[in-house]
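**Q** Position one of the sequence shown corresponds to residue 1 (full-length UniProt numbering), numbered consecutively onward.
By construction, these hints were calculated from the structure, which means they are not laboratory data.
Note that this is a predicted model, so its numbers are computed, not measured.
Every residue, glycine too, gets a C-beta built ideally from N, C-alpha and C.
Hints are not guaranteed to be accurate.
[As the list claims (entries may be wrong)] With a Cα cut of at most 27 Å, we get these calculated DSSO-like pairs of lysine-lysine: (1) LYS300 <-> LYS264; (2) LYS241 <-> LYS300; (3) LYS264 <-> LYS241; (4) LYS99 <-> LYS117.
[Claimed, not checked] Restraint ranges, calculated between C-beta atoms of paired labels, are given here: (5) GLU406 <-> ARG301: 53 to 63 Å; (6) ARG200 <-> THR2: 44 to 54 Å; (7) ARG443 <-> GLU286: 48 to 58 Å; (8) SER27 <-> ARG132: 19 to 29 Å; (9) LYS264 <-> GLY52: 20 to 30 Å.
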Amino acid sequence: MTREEAYRLILAQMRLPPPKFSEEELSSLIRFVQASGIRPEGPGGAPFSLEGRRYLEPLYAERRDRPFRRLVIMKAAQMGLTTRLMYRAAWWVADARRKVDLALMFPTQDAVLDLHKTRFRPMMRSSARMMRLIADVDAVEVVRIGVSNMRFRGMRSGVSVDSIPVDVILFDEVRLMDVATIERAFARVSASRLEGSEGRGIIELNSTAGFPGADIDYYFRRSSQRHWHTRCPNPACPNHKGFVMAFTWPDCVDPDRMVYRCPKCGRVIEDPQDGFYAPLGPEDAEWEGYAFNQILLGPKRLPELWRAYQRMVIEGANPSEFYNSYLGLPHRDPNAILVTGEVMDACRGLDPTYRWPAPGPHPEGWWTAMGVDQRGVEKHVVIARWGHGGRVYLAHLEVVERSGEEAAAFLAHLAREWGVDIVIVDAEPSYDLAVSLGRRLPRGMVWLADYVHDRPQPLEWSDQRDREAIRKSSGEAKWEFWVFIDRYKHLLQAQMLFVNRRVVLPVDLEAKVQELRRLGQRVPVSLGLEFRSHFENIARTTIPRRRRDAEGREVEEEPRYTWRHLALDPHFVHAWGYAVAGLMRRGGTSEVVRPRERGALESTGYQAQLPPDLRPQSPRKAECASCRYFRPNPDGEGMGLCQNPVVAASLGVPPPVRTSPRTVGCHHHRR
Numbered sequence: 001m002t003r004e005e006a007y008r009l010i011l012a013q014m015r016l017p018p019p020k021f022s023e024e025e026l027s028s029l030i031r032f033v034q035a036s037g038i039r040p041e042g043p044g045g046a047p048f049s050l051e052g053r054r055y056l057e058p059l060y061a062e063r064r065d066r067p068f069r070r071l072v073i074m075k076a077a078q079m080g081l082t083t084r085l086m087y088r089a090a091w092w093v094a095d096a097r098r099k100v101d102l103a104l105m106f107p108t109q110d111a112v113l114d115l116h117k118t119r120f121r122p123m124m125r126s127s128a129r130m131m132r133l134i135a136d137v138d139a140v141e142v143v144r145i146g147v148s149n150m151r152f153r154g155m156r157s158g159v160s161v162d163s164i165p166v167d168v169i170l171f172d173e174v175r176l177m178d179v180a181t182i183e184r185a186f187a188r189v190s191a192s193r194l195e196g197s198e199g200r201g202i203i204e205l206n207s208t209a210g211f212p213g214a215d216i217d218y219y220f221r222r223s224s225q226r227h228w229h230t231r232c233p234n235p236a237c238p239n240h241k242g243f244v245m246a247f248t249w250p251d252c253v254d255p256d257r258m259v260y261r262c263p264k265c266g267r268v269i270e271d272p273q274d275g276f277y278a279p280l281g282p283e284d285a286e287w288e289g290y291a292f293n294q295i296l297l298g299p300k301r302l303p304e305l306w307r308a309y310q311r312m313v314i315e316g317a318n319p320s321e322f323y324n325s326y327l328g329l330p331h332r333d334p335n336a337i338l339v340t341g342e343v344m345d346a347c348r349g350l351d352p353t354y355r356w357p358a359p360g361p362h363p364e365g366w367w368t369a370m371g372v373d374q375r376g377v378e379k380h381v382v383i384a385r386w387g388h389g390g391r392v393y394l395a396h397l398e399v400v401e402r403s404g405e406e407a408a409a410f411l412a413h414l415a416r417e418w419g420v421d422i423v424i425v426d427a428e429p430s431y432d433l434a435v436s437l438g439r440r441l442p443r444g445m446v447w448l449a450d451y452v453h454d455r456p457q458p459l460e461w462s463d464q465r466d467r468e469a470i471r472k473s474s475g476e477a478k479w480e481f482w483v484f485i486d487r488y489k490h491l492l493q494a495q496m497l498f499v500n501r502r503v504v505l506p507v508d509l510e511a512k513v514q515e516l517r518r519l520g521q522r523v524p525v526s527l528g529l530e531f532r533s534h535f536e537n538i539a540r541t542t543i544p545r546r547r548r549d550a551e552g553r554e555v556e557e558e559p560r561y562t563w564r565h566l567a568l569d570p571h572f573v574h575a576w577g578y579a580v581a582g583l584m585r586r587g588g589t590s591e592v593v594r595p596r597e598r599g600a601l602e603s604t605g606y607q608a609q610l611p612p613d614l615r616p617q618s619p620r621k622a623e624c625a626s627c628r629y630f631r632p633n634p635d636g637e638g639m640g641l642c643q644n645p646v647v648a649a650s651l652g653v654p655p656p657v658r659t660s661p662r663t664v665g666c667h668h669h670r671r
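Starting from the given sequences, assemble the full structure and let the hints guide the process.
**A** Here is the structure:
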């Protein structure tokens, strides 16, 4: 090969691939969807159609030359929006002559894997034209499409959020994400090649409705707030100009005839989609916002909707989830926040003589635990002690504004200064910091915390390795002292200590002041007030669970309980939870339980993890196996089920509750 031929070959290889879609086919989202042939349910599924979904037409009408640069959509569940999100993602990366880096953001990595398997791969495989652009459709984290990249990320990993520069970033189910983490992710488009008058890059936020003023509603309130307005068929009615049916629920329903009606004139509304979008927000809003709900799916769905209303709202099963998932409206259960200002004030009055103590071990040798929650350069520290009468005394609060070895050294200094017996430290985002702290203190004193979900017990320690429920953590090869914390169950019991008046707060709570960096300046901050506000910004809620039965029908299962952060990330709440875990590990004995001393942790029930004087009543010695509410494992071994609804209600979880047949100490035991 001559030099000239080699040169031409190199030039040929450097040329961009020929486009698979013309400019006209890429001019709008709806045109691309029709040209690509992508089917919503994959090969063999029905072709794309907007029949019965007129409320989605304005979103599919988006044009390349006038894109939605900042778009927020607050909706009810099962409205076809995730499918549209996949279409929009494919549309942005389908131009083989223009590189676009795109990221799809989901609440968890499990959600990423599920969507990639059940939505992305089948949809792409249904289009021969898209498959010619895709290098490897089975790749999960990064899919190469022509000259562009499509990334799938879970929002729980700081690395996933911070490490990718993108042009387009699309979020799904924002109500399950922290606003602070979302804001961090926005910075990923700051260097985007897609630039317009509204700023750089493309950002879209999608979600089922959540809490008022939080998650998706936080951004929707900053948008144009376009709600679907349905026309009353009566020309003489004021609602003939359009009204939002969800705002009038249940007055827009005639339960006797099971039809929709106008709440003003009573005329039957046969087609709720006979209407239009109208903005209720400011004209100069930063975001373009759309909202719609399951009422728009028509009268055929009304019986199901009405049954859900009766079950979830009238009977009180889950009012918030009905308004969120069916009506697409923000709603919060008044009992969702456990530790309110009133609860805090009551805890301050439990011991009128108690004030912030001076550093040092307690003169009576009270067991002392330190919880550390990591947040970038800030580490939130809570130090608590078991006191008389089974009460927990808040001893110290601190925010450590240091990083790396300097932070580890200062945390170790705090532990020594306060005579701490056990430290529970968040293992993320800096695992190295947590391990460094552990190596600076006596062996067995520092335990790394890892949040898990749907575990049978709130706390499980790594020295319980014989328990099949515990899987080895990736970090345990370097550190052996781990505590696995069921996020919902443990934060529930840690907060219930306040509700049950078991926490003694200093009467001078606000007097704990520290100089911290805020908005680029160092200012004095009351840590007591921050501690209080953090507890007022974490709320209990549920996430619906759905599955498809053998006939392909969607079946609603028992919801999963979880916590949502509201206006801020409540780091002191998590640090408090870690400190309480350290107290529960202690259980009232005199020294740290070493990893090889397993006898001290034989009991595995919820009450068995509490010190005896903290249990609601004196412990019973009878085992769960002899209780009338206990149901053994059908296989004959391992964990059984407690079917006592009182036990489940006290824990804030649905019955039955998993427990060991050998558990003792439950005051609800009945023969």
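**Q** Does each hint fit the structure? Answer for all of them.
**A** We went through each hint and held it up to the structure:
1. Restraint check for LYS300 and LYS264: satisfied, since their Cα atoms lie roughly 23 Å apart, inside the 27 Å limit.
2. Among the hinted pairs, LYS241 with LYS300 is consistent with the structure: their alpha-carbon atoms are about 24 Å apart, no more than 27 Å.
3. Simply put, LYS264 and LYS241 have alpha-carbon atoms about 12 Å apart, close enough for the 27 Å limit, and the pair holds.
4. Taking the CA atoms of LYS99 and LYS117, the gap is near 25 Å; set against the 27 Å cutoff, the hint holds.
5. Against the hinted window of 53 to 63 Å, the Cβ-Cβ separation of GLU406 and ARG301 comes to about 59 Å, which satisfies the hint.
6. In this structure, ARG200 and THR2 meet the distance hint of 44 to 54 Å, their C-beta atoms being roughly 46 Å apart.
7. Checking the proposed 48 to 58 Å range against ARG443 and GLU286 shows it holds: the Cβ atoms sit about 53 Å from each other.
8. Restraint check, SER27 to ARG132: a C-beta distance of roughly 20 Å satisfies the suggested window 19 to 29 Å.
9. The supplied range of 20 to 30 Å is met by LYS264 and GLY52, whose beta-carbon atoms lie about 26 Å from each other.
Comparing the model with each numbered hint stated earlier shows that all of them hold.
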